[in-house]
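> This is what each chain is made of:
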Amino acid sequence: MGGPCSIQLYAESENEAALHAKSAMDEVYRLEVKYSRYRDDSVISKINAASLRGGEIKVDDETAGILNYAETVLHESKGLFDVTSGVLRKVWDFKSGTLPNQLSIEAILPLVGWNKLSWGNGLLAFPLAGIELDFGGIVKEYAADRAVAVCLQLGVQHGLVELGGDIRVIGSHPDESPWMVGIRNPRIPEQAIARVPLQQGGLASSGDYERYMMVNGVRYSHLLNPSTGWPVKSLASVTVVADQCLIAGSATTIAMLKGEQGLAWLELLGLPYLAIDQNGVHHGSLQ
Amino acid sequence: MKTEKSRTLSALTSAALAIPAVAVSTNAIADAPPTMTEVGYRYSQYQEDDIAESNKVKDVGSTKRYDINIHQFRVLTPVGDNYSVDATFDYETMSGASPLGTIQGADGDPLLVMSGASIDDTRMDLNVKTTRYYENGNASIVGGYSTEDDYEAFNLGLEGEKHINDKLTTLMGGIGYSDDTIEPTPAPGRVTEEEKYTATTFIGIAQVINAESVLQTSINYAYSDGYLSDPYKLVDQRPDSRSSIAWNTRYRYYLGSLDAAVHADYRLYVDDWDMLSHTIGFEWHQNIDPNLRVIPSFRYYSQSQADFYRPYDNASIEGDKSSDYRLSPFGAVTFGLSAVAHSYNWKIIISAERYIADGDLALGTVETEHPGLLQYTLLTVGFDYAF
Amino acid sequence: MNHKIVSHKVMLLPMLLVALGMAGCTAVQPWERGELARTEMKWDPDPMKSALRDHIYFSKEGSSGGASSGGGGCGCN
Chain A
1395 MGGPCSIQLY AESENEAALH AKSAMDEVYR LEVKYSRYRD DSVISKINAA
1445 SLRGGEIKVD DETAGILNYA ETVLHESKGL FDVTSGVLRK VWDFKSGTLP
1495 NQLSIEAILP LVGWNKLSWG NGLLAFPLAG IELDFGGIVK EYAADRAVAV
1545 CLQLGVQHGL VELGGDIRVI GSHPDESPWM VGIRNPRIPE QAIARVPLQQ
1595 GGLASSGDYE RYMMVNGVRY SHLLNPSTGW PVKSLASVTV VADQCLIAGS
1645 ATTIAMLKGE QGLAWLELLG LPYLAIDQNG VHHGSLQ
Chain B
4 MKTEKSRTLS ALTSAALAIP AVAVSTNAIA DAPPTMTEVG YRYSQYQEDD
54 IAESNKVKDV GSTKRYDINI HQFRVLTPVG DNYSVDATFD YETMSGASPL
104 GTIQGADGDP LLVMSGASID DTRMDLNVKT TRYYENGNAS IVGGYSTEDD
154 YEAFNLGLEG EKHINDKLTT LMGGIGYSDD TIEPTPAPGR VTEEEKYTAT
204 TFIGIAQVIN AESVLQTSIN YAYSDGYLSD PYKLVDQRPD SRSSIAWNTR
254 YRYYLGSLDA AVHADYRLYV DDWDMLSHTI GFEWHQNIDP NLRVIPSFRY
304 YSQSQADFYR PYDNASIEGD KSSDYRLSPF GAVTFGLSAV AHSYNWKIII
354 SAERYIADGD LALGTVETEH PGLLQYTLLT VGFDYAF
Chain C
16 MNHKIVSHKV MLLPMLLVAL GMAGCTAVQP WERGELARTE MKWDPDPMKS
66 ALRDHIYFSK EGSSGGASSG GGGCGCN
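Those protein sequence lines, which keep their order, are chains A, B and C. Take any residue in the first sequence, count from 1 to its spot, add 1394: that is its number in this note's numbering. Take any residue in the second sequence, count from 1 to its spot, add 3: that is its number in this note's numbering. Take any residue in the third sequence, count from 1 to its spot, add 15: that is its number in this note's numbering.
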């Protein structure tokens, strides 16, 4: 899941707490395994294999729901948040410190674009072979929401699920005090630059510090524009609070991808947020 | 703060909430009541092949064997948070002729003495199982009532399962009791009312072997006491008790590369009537696509004779005797094919099966094949619906 | 005279399979048990079908007995 994961919860006994936490983590692992790019038997791998053949594949109800969500996010972000842009990681190696060749970007760009595949009625079809789906920006946040759903189903009333920075509250502390969540300083990521009280709901952050490389003093982050194939120059970090972690996560990603229009978009969205721009200026209601 | 959700937020929220809440087991294969109520219906038509004229005594009785129409109904429903009730009701109508006995024909081969044209009979069976679910297991009470024109049976049972070893191992066991009363249609020399009692018990263990396979093995012991003979046969006297042990093993394996599940079952049966039988069954559950599954199946069965079995009736012989084909040595094969069309809350089933019993199919050598060995065709259509 | 079935060899095979099966077990994590939860992997994916089969075989053959507390019998001809 790309970061430390933890579940904190209150239960009648230590045994019960351990049992419930295990159930919740099992749900997280289930999703990790189901949508992992690194496993041959994952749903994502099967989808990408179907794409390689230029064929089609029927998906289960959960995956169908996620694909419908991905399509909605694509639409709301005006095409910027596109789950087919994962294939661009083949040309962007952030560990190398070297920028990719423009020609190699142009060679792979034709494979990016949701409009190049066909999705509907439970059937995913790939008239253009080689498109790759990557649920990277969706599954982790969805998993946090699902882990909380499992806890709630088990009768847990107080707790917090954190999956590498994506957070969802099960319920406030038993004394009704909120969970204090730290927001990373985008330029000193081990330090919190703000602490936000969270009584319920989810919180997620996106930033140009998560995966990037510095080339000639310029920062290139992992948030790539699917039409150009190049990183977006935008805010340093965005944190959003929403009822679901999934929505909070999508909102931060869209805001980052919108670059200069990010702040305006966040204002229009109407959720509590904290955005830190390249000059270190804080914007938003979440202070 | 805005008082209304922005259009964007509404759109994202609806899409997020529309991701189906997957009914995921908390901790492996959960022990919880079903989440939905399920109803099912099956209609089956069972037809035995006619007897060959050469196998029966000339001009006595009919060559037509049994035709049975079966309606099965089922309701499985959760009750509260921890209980479920599983009720089944079967309604059968059957007609056909039966062998009354076997005599030695002129050339030495056995011939069936068949009954007349039709014994029309109706059978009804009601069975209810109530289960209580616990964190690591479940316990059930089973009760049933069965009736035919000449027959009535009550049965009661208790069974339970306990999961251990992180739910990878399941221990199971149960006990049962049934009381059967037969009141055959009157005939001179025939018993008028008889009773039979049966007590059963079983224990078993199931184990998850790896992510694709599971294995289960169990032993079942049964003891019957009372009237065990067949009152409709001309010459039939069986011991007044029967003790048996059945050892069942089942294996399930999921073949990911083909998206198919393989089922293999084996049963060894022995009893104190000196009968021993082997049953092997295979099923291949092939997923064609997420909404269609095709299941070819094969079963092989072989039984040895009961020690008081005689191929020819002879009333003057002392002691237990019977020429019932069910106590004779024979082997049988069943070929079946089913198709299941399904979605998350419904299922439509259609299946066909052909059964052939023959002395040559037995594992041992059968010197004299019983002329009444069966062949039948079974067709079933049905559906399941959950809500 | 009809012969009994000689079956010592056949009896040994299932016992061996059971022993092998138990010995080769891996600790399957709960999130890896997805395939085992499939309908077609259940011991009894179609209870009505098996109930009917069990009833037919019990009536038409000489053996009985499965892993259950048993239903009623029948007069079955």
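No wet-lab data here; the hints were simulated from the structure. Wrong hints could be hidden among the right ones.
What the hints assert, rightly or not - Subject to a maximum C-alpha distance of 20 Å in a straight line, what follows is the list of computed EDC-like cross-link-like pairs (lysine to aspartate or glutamate):
no., chain 1, residue 1, chain 2, residue 2
1, C, Lys57, B, Asp277
2, C, Lys57, B, Asp123
3, A, Lys1484, A, Glu1604
To be verified - If you anchor each label on the Cβ, the simulated ranges turn out as follows:
no., chain 1, residue 1, chain 2, residue 2, range
4, C, Ser65, A, Met1574, 55 to 61 Å
5, B, Gly163, A, Phe1488, 53 to 59 Å
6, C, Trp58, B, Thr125, 28 to 34 Å
7, A, Arg1581, C, Ala42, 22 to 28 Å
8, B, Asn294, A, Gly1549, 33 to 39 Å
9, B, Ala344, A, Ala1658, 32 to 38 Å
10, B, Ile353, A, Arg1447, 50 to 56 Å
11, A, Leu1522, B, Asn72, 54 to 60 Å
12, C, Ser65, B, Ile248, 39 to 45 Å
Note that beta-carbon positions come from the ideal geometry of N, C-alpha and C, so glycine has one too.
> Any hints this thing doesn't respect? Which numbers, in order?
1, 2, 7, 9, 10 and 12
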